[in-house]
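Visitor: Use these hints to put chain B onto chain A, whose structure you have.
Residue numbers (the numbering used here), protein chains in the order written: chain A, 1 to 398; chain B, 1 to 541.
To be clear, the hints were calculated from the coordinates, so they are not data collected in a lab.
We treat Cβ as the ideally placed atom computed from N, Cα and C, and that holds for glycine.
Do not take every clue at face value.
To be verified - Each computed SDA-like pair below joins lysine to any residue, with the alpha-carbon atoms no more than 20 angstroms apart:
{"no.": "1", "chain 1": "A", "residue 1": "K5", "chain 2": "B", "residue 2": "G267"}
{"no.": "2", "chain 1": "B", "residue 1": "K228", "chain 2": "B", "residue 2": "G267"}
{"no.": "3", "chain 1": "A", "residue 1": "K5", "chain 2": "B", "residue 2": "S492"}
{"no.": "4", "chain 1": "A", "residue 1": "K5", "chain 2": "B", "residue 2": "S295"}
{"no.": "5", "chain 1": "B", "residue 1": "K213", "chain 2": "B", "residue 2": "S295"}
{"no.": "6", "chain 1": "A", "residue 1": "K98", "chain 2": "B", "residue 2": "G135"}
{"no.": "7", "chain 1": "A", "residue 1": "K5", "chain 2": "B", "residue 2": "K277"}
{"no.": "8", "chain 1": "A", "residue 1": "K5", "chain 2": "B", "residue 2": "I467"}
{"no.": "9", "chain 1": "A", "residue 1": "K276", "chain 2": "A", "residue 2": "M325"}
{"no.": "10", "chain 1": "A", "residue 1": "K142", "chain 2": "A", "residue 2": "L120"}
{"no.": "11", "chain 1": "A", "residue 1": "K73", "chain 2": "B", "residue 2": "G382"}
{"no.": "12", "chain 1": "A", "residue 1": "K158", "chain 2": "B", "residue 2": "A375"}
{"no.": "13", "chain 1": "A", "residue 1": "K98", "chain 2": "B", "residue 2": "K277"}
{"no.": "14", "chain 1": "A", "residue 1": "K73", "chain 2": "B", "residue 2": "P369"}
{"no.": "15", "chain 1": "A", "residue 1": "K5", "chain 2": "B", "residue 2": "S279"}
{"no.": "16", "chain 1": "A", "residue 1": "K168", "chain 2": "B", "residue 2": "H490"}
{"no.": "17", "chain 1": "A", "residue 1": "K5", "chain 2": "B", "residue 2": "A375"}
{"no.": "18", "chain 1": "B", "residue 1": "K277", "chain 2": "A", "residue 2": "M325"}
As the list claims (entries may be wrong) - Some, not all, of what chain B presents toward chain A, calculated at C-beta under 7 angstroms:
{"no.": "19", "residue": "E259"}
{"no.": "20", "residue": "S262"}
{"no.": "21", "residue": "L264"}
{"no.": "22", "residue": "S361"}
{"no.": "23", "residue": "S362"}
{"no.": "24", "residue": "I365"}
{"no.": "25", "residue": "E366"}
{"no.": "26", "residue": "L374"}
{"no.": "27", "residue": "T377"}
{"no.": "28", "residue": "A378"}
{"no.": "29", "residue": "K380"}
Now for the letters of each chain:
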Amino acid sequence: MRYAKMFLLLCVAILGAAVMTGCNIAFFDATQINDVEFIRAVGIDKAPEGKIRFTIATQRIVTGGERGGPEQKLSEIMYSEGRTGFEAARNFWAYSEKRPFFGHLEYILIGEEAAKDGILKYLDFFTRDPEDRLNLNVFVVKGTDAGEMVRQGNTRDKFVFDRLEGIKEHYWGLSMINRVDLMEIMYILDTEYLSLYIPCVKLTEKTENSDGHNEGMDIALEGFAIFEGDRLAGYLEREMARGLSFLRNMAKSGVLNVRARNGSMVALELISSNRKMKPELMDGELRVAIEIDLKCNIAEIQSSEGVFDHESLRYLEEQSNQLIMDEVMKVIEFAREKRLDCFAAGDAVMHKYPCKWEDYLEKNWRDIFSEIDFEVTVRTNVSRTYDIKQPIGAKDIK
Amino acid sequence: MLRDPGKNKPMRRSRFAEKTDTSPAPENSKASGAGSDAAAGGNSQTDAKLSDERSGTEPGLTSANVEGMFRDSSDIVIRKLNINGRKDLPVTMVFVDGVVDTKSVDDYIMKPLIQESSLGECGSTSEIIDRIAHGVIYHASMEVRRTFSECVHDIVDGSVALIFDDDKTAVTFDIKGFPERSITEPTGENVIKGAKDSFVENLRTNTASVRMKMKNPRLVIEEIKTGKQTATKIAIVYIRGLTNMRIVDELKRRLDNLETDSVLSTGIIEEAVIDHKMSPFPQVITTERPDKFCSTIVEGRVGIIIDGIPVSIVVPGTFEAFLQAPEDYSQSFIVNSIIRSLRYVLMFVTLFLPGFYISVSSFHIEMIPTDLALAITASKEGVPFLTFIEVLFMLLAFEVLVEAGLRLPKTIGQAVSVVGAVVVGQAAVDARLVSPAVVVIIAITAISSFTMPNQDFSNALRLWRFIFAIFSSIIGLYGLSIGAIILLHHLSSMEVFGVPYLSPFVGGDGKNMQDAVFRFPFSSQKKRPMSLRTTNKKRRG
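Here chain A stands alone, though its shape is the one from the complex (with noise of 0.2 angstroms):
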């Protein structure tokens, strides 16, 4: 009886997920690993008549054979096009040797246009279908399409998915941006007071070869990219972008470069940052103060005069102050002057104002956001100065 109970408990799980998962994969129908054709990189642009066009970037790895030779790594450039992002998806099936498989893909790049055009609709395939991965990291791509870069940023020997594995590695050493996946767009997308954020990358030329010829075009840092709604509003490059990265307590690291009282070139290297953001309602009137504390090493020197005395070091903070201050208000202006919240100020405000925020504030965060007085403060603390306190040539050496 225990074991024909146990075979009719078989029969139901065999049976219940032969019907219920509603997937028609099983057994030998099953998709096997050397069948797919792996998609690292996908770039989104708009295409004419209205259609989508997905330029994509494949990975595989052939192995030296039976001589037992290196392995070579290979990656393929594929476009396709469609009405649908779908559509555009399921046509590489039409040419593709094997089957492209989404559920690898690391990188979406949109294109100018298409930022400008709305994300949202470019967007949703990968939100929806099952294959992918919802961390996968979105750029937008500065002044070019998508598929140029992918083209142009794939080479023999680089490729552009290892170009941008680099760039997601590695931004935290400029602070000038931050990871922003799939995931976190839809949150940003779903939630209307916020103004959704992306990085953004360009084209350019830095690397030769050793025979001294550019081969492909590297992808470099810009910035960021802001959205009204799903629709590009613009860029902040550079300091800007870092400005932001303060703002939203995300600056990790970065170089400063300061004045010292004597006037040469200090260059302070972010070791940590802490922004906190305190709003206050007072009258009707809503105030935010942040306050931004910053602890910095010295990383070069380019005098023969000392600065390790406490005026020196305080007058290398104060002009670090200033220089954040400079970088963080020019953010919350660009922000207050298109009326997007870049930055979460809504957030810190939701929190510490449950119910006026549910009463009045969140119907009409847009206009009261650009009303805002943002109180900034910096605090720098130069802490670590390391062994060689005294810089080459310096004539006290103790």
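Guide: Relative to the frame of chain A, chain B by itself:
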């Protein structure tokens, strides 16, 4: 009557023996059945005797009847002697050649019979029997037998019988002299720090080993006999006042109910005493180490030692016991906890890895890290088979190698293993029959399975590994999950002698986790496993 030749004193009478003594009908007892059945195939006289036995009347204890019983056996020695040279005092000596120690027979039995003057003074054989019983022939293990079956049984058990036809009485002396294997190091359960002895084929040597390790007067070694043709002695070992007597009684009941011709392997006893015969998972602990055997007895379990088999059985066998190695208790508890927890991890690895690999490489490719996925793809380049086929092929190939290694002689077995693993494996990869990734997966699976301390448990995992691989090939991880649920259901519904198989993990017995996945210091293991419901619950304090 069963004796202990080591100590030369009568042992506890078994329940079975008691039945024999009280019942005149030998067919009611397996021991006499064995003795009488052993005579089957003899001449018509013997057949007539057997029919007499079946009809309830036993043949008389005479030398002629005994001779008739063993008429066709070439190893039976029958000598007619005259005590002290007196022709009016005849005696027949019967024993099995090779089983008894002939020097002892000469020195301690024949010599006094021929030379002892006090025996020559006797007027009748009954007087001689009385004198022998009172020590004229000085051997401690002596019995006076008045029934044919008892006498015959003693003879086949290795005794020398002196049959006095006039009195229809025999005096038997237990003078076993069968050459036995000496105690050697265990072959399958080696430890670095720990005892180096193991069980041997002789039951008495094994019980002596246990006694030497447990000098506890409450240690009970009961003996019963089973097997119609072999009349194999089985010792049931437990500690009175500690062990749950319900387990002991139930074990005895199951052994009594065992109807079998022979007990020449542990499997017959194991199958007779387990609750779930359809489960591949072992429900008894088997060990060849007396120290491990004793530790389980002290824990509150009941041991079984079978004559002729150098492996003991302990009941009830629970899941966690199969993941404990003898070495566990010789190491630092910190080191051992890590190793033991690793063993649990490896159990899951050996069980699930092939299925998991099939699932992720056929159904959930997106789960694999991209670089690994690309490497797997590259390794599968040119392999025409589905991953599922590859994995099953390799799993089967591994089973074939294991089987071949076991069956072949040791030296050739090693060579075959090397050839199989290295040459054939590499050739299979080169020939694009399997991908290197699958070889690695199966190798990890196989090595993980070798870390299981119990071979029976490892075998069960091997079986379930195939089931999981098949489930995974049908519906991926969902299938694997279903398989895991079925296995969990199977394990959690099992009870062995009333003890939950998964204890201490189930059954509200979470208190005894000090010796499960991790081994806590001995000082914190204050109580015996609650699930065993021992009479004496405290280990210390």
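Visitor: Run every hint past the structure and note whether it holds.
Guide: Consistency of the hints with the structure:
As the CA atoms of A:K5 and B:G267 are separated by approximately 28 angstroms, the hinted pair breaks the 20 angstroms bound. With a C-alpha separation of about 16 angstroms, the suggested pair B:K228 and B:G267 falls inside the 20 angstroms cut-off, and the hint holds. With a C-alpha separation of about 15 angstroms, the suggested pairing of A:K5 with B:S492 holds against the 20 angstroms cut-off. Taking the CA atoms of A:K5 and B:S295, the gap is near 38 angstroms; set against the 20 angstroms cutoff, the hint is violated.
Straight-line distance between C-alpha atoms of B:K213 and B:S295 comes to about 10 angstroms, which keeps the hinted pair within the 20 angstroms bound. Distance hint between A:K98 and B:G135 is unfulfilled; the C-alpha atoms sit about 95 angstroms from each other, more than 20 angstroms. This hinted pair checks out: A:K5 and B:K277 have alpha carbons roughly 17 angstroms apart, not beyond 20 angstroms. Between A:K5 and B:I467, the direct Cα distance comes to roughly 18 angstroms. Compliance with the 20 angstroms bound is thereby established for this hinted pair.
Straight-line distance between C-alpha atoms of A:K276 and A:M325 comes to about 14 angstroms, which keeps the hinted pair within the 20 angstroms bound. Restraint check for A:K142 and A:L120: the C-alpha separation of about 18 angstroms stays at or below 20 angstroms, so the hint holds. Pair hint A:K73 plus B:G382 holds up; C-alpha atoms about 17 angstroms apart against a cutoff of 20 angstroms. Using a Cα cut-off of 20 angstroms, the hinted pair A:K158 and B:A375 holds, with the two alpha carbons roughly 18 angstroms apart.
This hinted pair does not check out: A:K98 and B:K277 have alpha carbons roughly 50 angstroms apart, beyond 20 angstroms. Proposed proximity of A:K73 and B:P369 is supported: the alpha carbons are some 16 angstroms apart, at most 20 angstroms. Proximity of A:K5 to B:S279 is assessed by CA-CA distance (about 15 angstroms); at most 20 angstroms being required, the pair is judged to hold. Under the criterion of a C-alpha separation no larger than 20 angstroms, the hint pairing A:K168 with B:H490 is inconsistent with the structure, at around 48 angstroms.
About 43 angstroms separates the Cα atoms of A:K5 and B:A375, which puts this hinted pair outside 20 angstroms; it is violated. Restraint check: the Cα-Cα separation between B:K277 and A:M325 comes to about 78 angstroms, which exceeds 20 angstroms; the hinted pair is violated. Hint status for B:E259 relative to chain A: violated, with the closest Cβ pair at about 24 angstroms, above 7 angstroms. Taken as an interface hint, B:S262 does not check out: its beta carbon lies about 29 angstroms from the nearest beta carbon of chain A, beyond 7 angstroms.
Restraint check, B:L264 versus chain A: the minimum CB separation of about 30 angstroms is more than 7 angstroms; hint violated. Because the closest C-beta pair between B:S361 and chain A is about 4 angstroms apart, less than 7 angstroms, the hint holds. At a threshold of 7 angstroms, the smallest CB-CB gap from B:S362 to chain A is about 4 angstroms, leaving the interface hint in force. Evaluation of the B:I365 hint against chain A yields a held restraint, the C-beta minimum of about 5 angstroms falling below 7 angstroms.
Hint status for B:E366 relative to chain A: holds, with the closest Cβ pair at about 3 angstroms, below 7 angstroms. Look at B:L374: its Cβ gets to within about 5 angstroms of chain A, closer than 7 angstroms, so that hint holds up. Hint on B:T377 holds. Least Cβ distance to chain A is approximately 5 angstroms, under the 7 angstroms limit. The closest approach between the C-beta of B:A378 and any C-beta of chain A is roughly 4 angstroms, which is under the 7 angstroms cut-off, so the hint is satisfied.
With a least beta-carbon distance of about 4 angstroms to chain A, the hint placing B:K380 at the interface is held under the 7 angstroms criterion.
Checked against the numbered hints given earlier, this structure breaks hints 1, 4, 6, 13, 16, 17, 18, 19, 20 and 21; the rest are met.
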